[in-house]
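Trainee: Listed below, chain by chain, are the residues.
Protein chains: 2
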Amino acid sequence: MKVLNVVGQRVPMHDAAAKITGQAQFTDDLVLPGMLFGKLVRSTIPHGRIVSIDVSKAKALPGVKGVITGKDIPDRVYGIVPKAKDEHALARDKVRYIGDEVAAVVAVSQEIAEEAVRLVEVEYEALPAVFDPLEAIQEGAPLVHENLATNASASIHKEFGDVAKGFAESDFVFEDSFYSQAVNHAPMEPHAALASYDALNGDLTIWSSTQIPYFLKRNLATTLLVPENKVRVIKPKVGGGFGQKIDMFAKDFCACWFAKELGRPVKFLYDREEAFQNTRQRHPMYLTVKTGVNKEGKILAQKITAHADGGAYNSTAPLMITLSCFFIMIPYRIENLLYEGYHVYTNKPVGGAMRGHGIPQARFAIERQIDLIAQRIGVDAVDMRVKNAIHAHEPHPAGFIINTCGFAESVTEAAKAIGWAEKRGKLPFGRGVGLAGASFPSGVANMAHLASGAVVQLSREGRVNILSGAADIGQGAETVICQMVAEQLGVPMEDVHITAADTGTCPLDAGTFGSGVTVRAGNAALLAANDVRKELFGFVADRLECAVEDLTAANRRIWVKGSPDRGLSLSDALHGYQYSDKPLPIVGRGGWIPPAEQPTSLLTKNGNFSPNYSFMTQAAEVEVDTETGKVTVLKMVTAHDCGQPINPMLVEGQLEGSILGGMGQALYEDSTCIDGQQHNPSFCDYGFPTMMEMPEMEGLHVDTDDPEGPFGAKEAGEGTQLAPAPAIVNAIADAIGVEFDRLPVTPAMVLEALRKKKG
Amino acid sequence: MKVLNVVGQRVPMHDAAAKITGQAQFTDDLVLPGMLFGKLVRSTIPHGRIVSIDVSKAKALPGVKGVITGKDIPDRVYGIVPKAKDEHALARDKVRYIGDEVAAVVAVSQEIAEEAVRLVEVEYEALPAVFDPLEAIQEGAPLVHENLATNASASIHKEFGDVAKGFAESDFVFEDSFYSQAVNHAPMEPHAALASYDALNGDLTIWSSTQIPYFLKRNLATTLLVPENKVRVIKPKVGGGFGQKIDMFAKDFCACWFAKELGRPVKFLYDREEAFQNTRQRHPMYLTVKTGVNKEGKILAQKITAHADGGAYNSTAPLMITLSCFFIMIPYRIENLLYEGYHVYTNKPVGGAMRGHGIPQARFAIERQIDLIAQRIGVDAVDMRVKNAIHAHEPHPAGFIINTCGFAESVTEAAKAIGWAEKRGKLPFGRGVGLAGASFPSGVANMAHLASGAVVQLSREGRVNILSGAADIGQGAETVICQMVAEQLGVPMEDVHITAADTGTCPLDAGTFGSGVTVRAGNAALLAANDVRKELFGFVADRLECAVEDLTAANRRIWVKGSPDRGLSLSDALHGYQYSDKPLPIVGRGGWIPPAEQPTSLLTKNGNFSPNYSFMTQAAEVEVDTETGKVTVLKMVTAHDCGQPINPMLVEGQLEGSILGGMGQALYEDSTCIDGQQHNPSFCDYGFPTMMEMPEMEGLHVDTDDPEGPFGAKEAGEGTQLAPAPAIVNAIADAIGVEFDRLPVTPAMVLEALRKKKG
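As you go down the protein sequences, you meet chains Y and C in turn.
Per my numbering, residue 1 is the first one in the first sequence, and the count goes up by one each step.
Per my numbering, residue 1 is the first one in the second sequence, and the count goes up by one each step.
Chain Y extracted, bound-state conformation (with noise of 0.2 angstroms):
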C-alpha cells in the first residue's frame, strides 16, 4: 500500500470540525433576505383518481403566498433514465401511492405553511390497489400506470455465451429463490430545497440535498420549461445520500417554481417521515437462481430471474434492473449467464437507487446459493469461490477490462482470518461463520460522454483552490480530491482548499452515484494539479538549471532528485515566478473522460463498464441466542482490493458503514408496508443496528495498483454493502443448520425456524 507524504494518510475529512460544530450549511441551514416556506399536501390513499382538489381556504389562511396542484404546471415528467420519466412534481389526475404529492403551498413561515397543507380539501375515488410485484404483473391486476399495458416498467433479458449448453455441461443444476426486503437509506439530513429565481436575468438559482446536480439541472430544466443553462443547481454540505438523493423531488421543482411565481426565496424542508415514505427505498426483489455446476463446483452456466418491486415510480428502474444483470459477471466467471429482469410498479412507496443499486439482493440469492450448491455437492464454499474467482486480464463475457483484481486473494484471506478451516461447522450449536464474495464497479461508463473537470488555482500567496464538480455527500471525496491534489503539488493538505459541485462555479461531474467519484473527480483533478505543476516547475528547472522531469516536491518545497539542497521554497518558487511578471494564481485544468472503449449506453450495450473494478470478500463469525431468536454478529472480516486507498481511513469509514448497512439488511432493517402504508418511518420505529450492535471489525487490504484510477485507487465505497448480508447468514447457516432464504432474518424468523427443525 502506498503511503506517500499525503496520499495514502489517515487526513480527516476537511470538513470534520464545521460539521461538529454545527458551523456546516447544509440546505436547511441556508436563510435568504425573504424567504418563504413550502409544505407538500399528500395522498392519504394508496391508489386512487383525483376528483376535486379545493384550495380555496388554504389560500385565505393569512401568511400563505402561494397554493398549486397538478393542474398549475406543464405536463412534463422527470426521472433519471429519460425514456423512464414517469413521474409529476405534483399529481395531475391519479395518485399511486400513500404520499404521492397532490398540491403545494407556501407561505411566510413553516408553521402556517403546514397550516394550510391541512386546509386543503382532496376528494378522491378510490382504486384497486396491488401491493406485490409477483401480484402486479399477473393478468388484470390494477394498472399502476394506466398508459402501459403492464405494470412491468422496465425489464432486462440478456444472455452472454451459451446458457443451455451450459447447463447440459453441467454435473448438477440447482434452482434456488430468494427475496430481499426494502430497506431504507435512512440518511442523517431530511432532502430539502432552497430556490430564488432572477426576474431580470431568468436566472434560476436551487440550493439542494442532492448527489448529482448535473441530472437536478436537467431534470428541472425540462419540467419548469426553463432555458438548462438558465440553472444553477447548488450542493450545499450534504448529510448522507446512499442513493436517495440522486433523484429530482417535488421539493426541488416546487421550490423552483414558487420562487419563479413569487420572486422571492422559498425552502422546501421534507421531514423525517417524508425523508422515509416519499423520497426512496431499496427495492425488494424476488430472485430464482439457477446454477449449472461440475463435480469441482466450477460454474458452467448460471439462469437468474428478478422481479424487482419498484413501488409506484420508475426512478431508475431500467438502470437498476440493468446494473444488477451486469454486475452478476464479477467477481465470478460465469461464461454462460442468462437474466431475466422485471421492474414492477406497486402501489407502494418508490424504489431508487441505493448503496449496491440492485445488486446486494442478487449478491445475497447467488452469495446464498454458492453456499448450498456446495453444501449439496460437497465442496468447501471457500474452495469453489476461488475456482469461481475471476482474475486479471481475462477475457471477460460481457466485454468488461479487468486491470487489476484481488479477489482469489480476498476469499482466501478472509477464510483464514475468519479461522475458516477451524471454525466452519465446527464450533458449537449456536456459533458459526460464513462468508461471501463481491465486485463493484468504480463508476459505471462513459455516460452521455460526460467528463469529469477541475480547476486547480495556486495562488501567490501558497494556497491551492481547487473547483471540483464532484458531489461529496459526506463520504470524502472533497477530502480525497484535496489530498490528491497536495500530493501532486507537494504541499501540506492544510494548504489546499476545494469548492464542489456548483454548477456555476464548477467544472461538471457526472455526479455521486455508483461510486465513480474518487476515480473520475480525482483523475480531472490529478490532470489539473499536472497542470499548474507543468507550469511552475517549468519555471523552478529553469532557475535551478535542470530538467522539469528531475524536479520533485513535497512539504512546500521543490528540488532536484536525489539532490535535497539543490531547491526552492514553494514561496520563493511562486515570488520568483510572479516577479518575473507571469500571471498569479497559476490556474491548471483537467478534464477526464472515461476510457473511450466504453459503452456509453450501459442500456444497450455490452462493453467496458467501469474504469476499474473493486473486489472483496467479507466473512462473519455469528453467535445465535437460541432461546430468543437473536443473531449477534461477533466478528466482521473485511479483505478488500480497493486499489491504492488515497485516505485509509475513509475506506475504513465506508467499511464500517457498509458493515453496518450490510447487518442491517442481513437482521434488522424492513421498510414493508401494510395496505400500501408503510409502518415504520421514523429513526425511532425504524431499528437500525447502532454502535452498540457493531462487532468487531477486521479489514485486510488486499493489495492492487490499478493503472485506471488515480494513484492506482478503485472504488471504496459500495462493493463492500454487498456481501455482509449473505456473509452473515451463510454464518447463521453454519450455527444453527437453517438456510434462510429471505430478509431480514429476524429473532421470530430464527426461533420459528428452530421450532421446525426440532418438531
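Calculated from the structure, these hints are not laboratory results.
Beta carbons: idealized from backbone N, C-alpha and C, even for Gly.
One or more hints might be untrue.
To be verified - Interface residues of chain C toward chain Y, partial, derived using beta-carbon atoms under 10 angstroms: (1) Arg-10; (2) Pro-12; (3) Ala-24; (4) Ala-451; (5) Gly-453; (6) Ala-524; (7) Pro-585.
Chain Y is already provided as a structure; the job is to place chain C on it using the hints.
Mentor: Here is chain C on its own, set in the frame of chain Y:
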C-alpha cells in the same frame, strides 16, 4: 463609438433585479448557523490616554459571549501602505479621535451587544487635541502619534523639469490659495463583516463589504497572526464604496478574532453614525498654487503646496499625497512642476481614498487658478486650456505613456455645448458658465507584480461561467466583464454568469480602486474568453474545413466570415466537441499584468502609471439667487474620452454620479468637526444634493480607441468626479463676479460675498 453585439450596448446590470427585489445578499443579509453579533466600544474624547477599562459588567450580562480590549489582541497595526501602517483594531494606550475603537463585545443578539457596549467603563486621561493640519505641523503641537517627531506622517517633495527656470522665463507668476473641505462617501450600504473559523483546518472565512479582498486578506493575516493562505475573503454584494471600503476596519478584525476564539460565526455591522464617523472621509486640503505663464497663457512652471488633514490615522496617506502630485501632470503639459505635499495627523475622523483620491482637491485649486489667470492676463479660459492640453504620444515629464488623448477636443466640445461663446461673461447678473478639465488613470501601476486573473468556463449547455477577482461594489464591473466575454464568445448576455471577488474560488485581482477594474480585470477576462474561443474554434474549423482565423461568432452561432451559411450553432459545436470525447466545460484562463514599463512602486519611481488615461472637460451653467444665496446648477455638460465605452448606460451612470458628487463638493457637503466631533453624521443632516437638485445633463463622447484597453476601453468612474466642482465655482464667478477659494460655496458665503461686493 463601437457598438458590437454586446459590447457597446446599453445592457442593464446583471444583478439589477436581485438588488431591486431585495434578493441580493449584502454582508448583513448573510446568516450562518449559531451566528453571534458584535459591537464596538468607541472613544468619547478626541485625544487621551486610556487609564483603565472595566469590562466586568459587560461580561456579566447574560447573552454576552466575549469582550476584548486592545490588550487582548496582538500588537499589530494595519493599513493600506506597508510602511505607513499605524492603526490597531482596538486602541492600546491612547485614543486619537472621537470614535476610536476601544473595546469590542460579542453577544447572542445585536440588542444585547449594544447593551454590553454601554456597560463597558473606560477611564481616560484627556490630552490636548489638535484639529487643523496647519496648526498640527507647528512646533509644539500635540502629537497624535507620539512615536513620531511630527504630525506630518507622509510627505512628498517632487520636482519635474526646472521650476526655477520656468518661473524665470514666465511673463507672469501668480500665487493663490484654496481649501477643499471634508466630504463623506456615504455609501448606501454601511460597513459590515461576518467571519467564521474552522478549528480543525485553521481556515478563516470572512464576508466583508470590501473593495479590495486582497488587501483585507493580507491585513487580517498580519494582525491576527494567521497564515495568509488560511484566510478566505468573500465579497458579497457591496452597496457602494467610493473608496471608503478600501481599508480594513475594526469590524473585520474583531469579527475574525471572535470567530476564531469562540468557534462561532460573528457579524459586525456599523450603524450609520459609525459609517460616517469611523470609517474614512475625503481629506480636507489646503493648497497653494504658484503658476508662471507667458503672455499667451502657456504654463511654464507650477509650484503646488498641499496640506492634507489626515485625521487620526494614515490609511492611504503616502499614496494619496503622491497621487495628488502625479496627476497634476495630466491633462495639461506642465514641464516644470514642483510639488510639496504633506499628510498631517489631527484628532479627527480619518481621511482615506475617495473617488479621485487626493486629486479633486488639487483639481479644484488648479482649475480655479486657470480661470483667475486667464482673467488676469486677458486670455480666454477655454483657449488657455486648449493651449496647455497634452496630446497623445507626447513625451511626458513623469514618464506617462499617453497612447490616446481626447482632452483638447473635450474642452472645445464642452465649451460649444454649454454655449461658451454666447454666454461667458454675457449672461445677466446671477447667471454664468464655467468649465474645468481633468484626467484620470485606468488603474495605477504594476503594483507588486499583481496580476488580474479570470477563468471562463463554457459548459455543455452553452452556459458561460466566469470567475474573476474583480470587486464589483455597485459600479457594474461584473456586468462589463460579462459583456466582454459574451462578445468574444458570440453569445448573448443572458448566457454569461459571473462569480467574482472570492479569494477561495476566483483568481486574484488588485481590487476596486484607481479606476482600474475595467481595463485590468477586463483584459484578464478577455484573455480567458479568447482561450476558450481558441479551443472551440479549432474544433469548429476542422468541421467546417476552414482556418480558425476565418471564423466569427455571434448570437450562439459560429460561421466563416463572409459566408453566413457555412457555420454551426454553438449548441451543435458543443455537442460535436463533446461527442468527439473532448472534456466539457472548456476551461479558459487569462492573467493580465499592466505593461512592463510601469513602475512597481509608484511611491518611489516615475514611469507610466497606468495602462491608459481618460480625459474630460465639464462645463456648468449656474443661476445664483441673490436673495437667498442659493446656487442652482442648471446644466452640466461632460465631454468625455473614456476610450470605447463597454456599456454606455453604465458610463452615463458614472457620469451622473460624478456630477452629483461634484455638486456636493462644490455646494452642499461639509463633514467637518467641531472640537473633533463630527456634527452631521446621518443621511438626514448631512445634506447631499438629491435627484431634485440634479441639473440637465449632457454627455458628449470624445471617441478614442485605446490599444491597451479591452475593446479600447479606458476608465470612466473617477475622472468625471474631478472637474464638476471647479466648473461650478468658475460658473459662479462668471455669474456674480465673486472668486470663491474654499468649498463648499454655501448660500451664507454667497450672501456674505454679495454683501461685501455691494458694500
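Trainee: Please go over all the hints and tell whether each is borne out by the structure.
Mentor: Hints, verified against the model:
With a least beta-carbon distance of about 14 angstroms to chain Y, the hint placing C:Arg-10 at the interface is violated under the 10 angstroms criterion. Given hint, C:Pro-12 at the interface with chain Y, holds; its Cβ is 6 angstroms from that chain's nearest Cβ, closer than 10 angstroms. The interface hint given for C:Ala-24 is met, as the beta carbon of that residue sits about 8 angstroms from the closest beta carbon of chain Y, less than 10 angstroms. With 10 angstroms as the threshold, the beta carbon of C:Ala-451 comes within range of chain Y, its nearest partner Cβ sitting at about 3 angstroms, so the hint holds.
For C:Gly-453, the interface hint holds, the least distance from its beta-carbon to any beta-carbon of chain Y being 6 angstroms, beneath 10 angstroms. Using the Cβ-Cβ criterion of 10 angstroms, the hint placing C:Ala-524 at the interface with chain Y is satisfied: the shortest such distance is roughly 8 angstroms. Annotation: C:Pro-585 was flagged as interfacial toward chain Y, and the flag holds, the nearest CB pair being 5 angstroms apart, inside 10 angstroms.
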